[in-house]
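With chain A held as given, fit chains B and C onto it using these hints.
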Amino acid sequence: MGMLEAILITIATAATPLLIAAVGELVVERSGVLNLGVEGMMVMGAVTGFAAALATGSPWLGFLAAIVVGALFSLLFAFLTLTLVTNQVATGLALTLLGLGLSGMLGEGFVGFPGVKLANVYIPVLTDIPLVGKLFFGQDPIFYLSILLTAGVAYFLFRTRAGLTLRSVGDNHASAHALGINVVLIRYLAVMFGGACAGLAGGYLSIVYTPQWVENMTAGRGWIALALVVFASWRPWRVLAGAYLFGAVTIGQLHAQALGIGVPSQLLSSLPYLATIVVLVLISRNRRLTMVNTPASLGRPFVPDR
Amino acid sequence: MKKTILSIAAAAAVLSFGTMAAEAKTKACFIYVGPIGDFGWSYQHHQGVLQAEKELGDQLETAYLESVPEGADAERAIERFARSGCNIIFTTSFGYMDATNKVAGKFPDVKFEHATGYKREHPNVSTYNSKFHEGRYVQGVIAAKMSKAGVAGYIASFPIPEVVLGINAFMLGAQSVNPDFKVKVVWANTWFDPGKEADAAKALIDQGADIITQHTDSTAPMQVAAERGIKAFGQASDMIAFGKDTQLTSIVDDWGPYYIHQIKSVIDGTWKQQDVWDGMKEGNVVMAPYTNMPDDVKKLAEETEAKIKSGEFNPYTGPITKQDGTEWLKAGEVADNGTLLGLNFYVKGVDDKLPQ
Amino acid sequence: MRIELVKRPQQSALYSALSPFFALALTLIAGAIMFSLLGKNPLDALYYYFIDPLREMWSLHELAVKAAPLILIAVGLSVCFLSNNWNIGAEGQFIIGAMAGSILPVMYPDFQSWIVLPLMLIMSMVGGAAYAAIPALLKTRFNTNEILTSLMLVYVAQLFLDWMVRGPWRNPAGMNFPETRNFHEYAVLPEIWPDSGRAHWGFVFALVAALLVWFMLSKTLRGFEVKVLGQSPRAGRFAGFSASKMVFFAFIVSGALAGLAGISEVSGAIGQLRPTISPGYGFAAIIVAFLGRLNPLGIVAAGLVLALSYLGGEAAQISIGVSDKVVRAFQGMLLFFVLGCDTLIHYRIRLVRTALSKAEVSHGNA
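Residue numbers (the numbering used here), protein chains in the order written: chain A, 5 to 310; chain B, 6 to 361; chain C, 609 to 974.
Treat the hints with care, since some could be wrong.
To spell it out: a stretch of chain A is covered by chain C in this simulated footprint if at least three of its residues, at any positions, have a beta carbon under 8 Å from a beta carbon of chain C; those stretches are [said to hold, decoys possible]:
1. 78 to 88
2. 278 to 286
Straight-line distance between alpha carbons at most 20 Å, and here's what the computed DMTMM-like set of lysine to aspartate or glutamate pairs gives [said to hold, decoys possible]:
3. K269(B) x E66(B)
4. K111(B) x E799(C)
5. K121(A) x D250(B)
6. K111(B) x E833(C)
7. K107(B) x E799(C)
8. K269(B) x E126(B)
9. K107(B) x E793(C)
10. K121(A) x E232(B)
11. K107(B) x D803(C)
12. K648(C) x E112(A)
13. K111(B) x E664(C)
For the record, the hints were derived by calculation from the structure and aren't laboratory data.
Bear in mind that the values here come from a model prediction, so they are computed numbers and not experimental data.
Positions of the beta carbon are idealized from the N, C-alpha and C atoms, including for glycine.
The shape of chain A in the complex, shown without the other chains:
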């Protein structure tokens, strides 16, 4: 395995959980809901995914559990913000807090066990192609799923009628409602999709990335996923670009250190965050572009009138 290929694979592994969680959140935000609880849903997915994989011996059942728990956990958020119209920012933060606490409680018995690892894909001949074989044909299955997920969401949002409906709910819930669209139902579904994705991303951490469970193992990745959605101005393929860019900066700073470059490691560690701010500024300063893509009803409460 060449060094460049190895680095690219490492970047892909770092980017995949961010991508999955961010694409899920993108759908939520496109429907006009801001769920800041990604970190909480992710960490719940991580603990249940790990536990289910360990109990059954099957990583796939682990992923399934992570997805289901992520979606169920997001229902809590959906009930409060959509049915009881509570403040979305505060409710999202509460969800994160609850997720971190609950996952710690649930996971106490699972610390110190090596997890069940998902094997990488192997396709004879193709995987063995020098330089690029492993990168394109030899990674873990969830990596391919994350690309498919991005493509699927892009197709759904911009090429299907249901996607148009979802976006219209996010852009103007009052007129969508006037057109007879069930705004609340669509938002429930979107939030649950986001929860399922965040759960899967968490499962990826505890089953593929580092097959073990430790408290707080998401370590702020849910927040990065949220930043990526804005960074991408709510476009799926740009989320992918952003996730890989972020992965590249994260891995790049470790390589810079291993090469013995004499820059304070704290400065290098803060690069991904500074880079996110710079790109956010570059993207959002173009008002016209942002306006076109930003769901206009994002974060605004909706109560059907009668």
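What follows is chains B and C alone, placed relative to chain A:
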């Protein structure tokens, strides 16, 4: 409502009974910086406590608080213990240093033991630490024997003397076998973040390291090494479960003997202030079984361990040259503990610039 | 059966008063269920969480120490949140404020005079405000989302502090350990009543700040402006209020208070800078702000309740062996219930039998 009152009364009764019982027993209390489930630093301290409970049985009562943040919360936690009838309080992280001394001043009858610090402002405060670098020297010897590339990757946490001490000892051990051995260092700036530690391990491997060692606490680097088919060393606890074909050995922090000894001295009334820096000799630093290596390497490792254990050899014995080429220790000269405890430079050969 | 909300013509005064108690009651019930599931006697657990820490004087002092930064930060955040500015980065402003306030005792330890402490307090507020002005500037100039920029700046501030205490500001007599020199006596925030415990003047600052901001919000034109711009930027514009000036105002007030909280904690409770000086006060304060329903006086109560849950968490851990994770889950639940119950203030809740409302469903009226 009546039931509530009754139950609170019952709780109070249990409480007062608890304190009465505590007077007969000796109560030892522990403050951990991480969760006891971190499988690293705090986990090992708690293992030591469990050993002490087993050894001392009915004479001992214990209590602990986990995940106590360093800073203002630490002082409250320590004071709570001091007030709740603890006879001896162990504070197990460097950041508890000032808080420990402050509370100790207020409770002269309670004994305080602070791990890894240097301040003993009151006669009832002792400090204790372990010479983990002795184990790192043995690891360096094994690494230089096992590595084909002649390069090891070192995942470091924070540039404090203890960590620098470990990097240097590893380097010196490796140089004793292969003078041209190289060590690449990545500072993770965390004690515990599996994802980041895994990424650091991958970066080091991609840059040519074929042995991974770590001074961070998670088992993630071991898993990465296993996946990439190279060898690695564990940290703080025996991590063989995470790499049964990967772990060469691990430095196990065994606090049990020290805790048993100190608690016993409180029971006997012989406790006195001291500054303890124990190592392999006293049983605080234990090497996990040597695995996944040929017999000759195993033999060399055992010999090195035995020499350090018997006190015959100190890893910090000259000639040692600093990274910048100036002489530090002359041939046969042994570094004094004061210098070691404040070490802030690399020895020659480390492929990194020490963050200052 | 489904739930339907009917907007009240005006806020319900009754539910405004009752809602926090509903929320507390629900939390207690849910907490009791949780403790039973963990195999603990729920009444014992609740006793340790909410009563035990209040029994002794020293513990009340500790309550004030813990509540002071939470209240100070949350009071500032209430101005932000009411004006619809989502400052999530108070943790970073707390750190930068503490660092700015520590410049004198750390870099000029020989400058010892009574003037040092007031200067430190002012510098901390300037530092926190300046750091908070960054997301405000980015929001007004470039239209950048302030939730994300303020959050990213938290990580940057943490790493900056880490670098400073390990490098340039490291205590020259500290054996190379990562901490600054201890503050000299003129740089230490005094304790209010030293004989009985270690509560420092930071708690007084918190109470004063709460009163001042309460007065500003409820009695002045500026307070009216905050609320109008928060509820409807359009209406605010018609009234001649400047939205971008409000962004700066809100961020600078909350940044300054977070900075003051930072130096109070460092100078009053810790006595030096360390790699980590906050166990997440900036984030916990967001909960406090909402628990107090964005009312500075409510925030004082909320800050005390949250601080109590931390202290109680320790008591419960020692006495009945409940793990520390329970505290966080507990706080999350409390916030959920508060938010949920507050719905009652603005809406009446009707349970509708689905069979009767088929017509409405076909209108998409779920």
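Consistency of the hints with the structure:
1. Counting residues of the region 78 to 88 of chain A whose beta-carbon sits less than 8 Å from any beta-carbon of chain C gives 4, enough to reach three: the coverage restraint holds.
2. Note: the region 278 to 286 of chain A has 5 residues with beta-carbon separation from chain C under 8 Å; the three-residue rule is met and the coverage holds.
3. With a C-alpha separation of about 12 Å, the suggested pair K269(B) and E66(B) falls inside the 20 Å cut-off, and the hint holds.
4. Taken as a hint, the K111(B) and E799(C) pair is honoured in the structure, with Cα atoms around 16 Å apart against an allowance of 20 Å.
5. Distance restraint check for K121(A) and D250(B): the Cα-Cα separation of roughly 16 Å lies within the 20 Å cut-off, and the hinted pair is therefore satisfied.
6. Proximity of K111(B) to E833(C) is assessed by CA-CA distance (about 51 Å); at most 20 Å being required, the pair is judged violated.
7. Distance hint between K107(B) and E799(C) is fulfilled; the C-alpha atoms sit about 14 Å from each other, no more than 20 Å.
8. A C-alpha spacing of about 23 Å is found between K269(B) and E126(B), which places the hinted pair above 20 Å, so the restraint is violated.
9. This hinted pair checks out: K107(B) and E793(C) have alpha carbons roughly 15 Å apart, not beyond 20 Å.
10. A hinted pair counts as satisfied when its Cα atoms are at most 20 Å apart, and K121(A) with E232(B) qualifies at roughly 10 Å.
11. The straight-line distance between the Cα atoms of K107(B) and D803(C) is roughly 15 Å, inside the 20 Å bound, and the hint therefore holds.
12. A C-alpha spacing of about 16 Å is found between K648(C) and E112(A), which places the hinted pair at or below 20 Å, so the restraint holds.
13. Taking the CA atoms of K111(B) and E664(C), the gap is near 16 Å; set against the 20 Å cutoff, the hint holds.
When each numbered hint is compared with the structure, violations occur for hints 6, 8.
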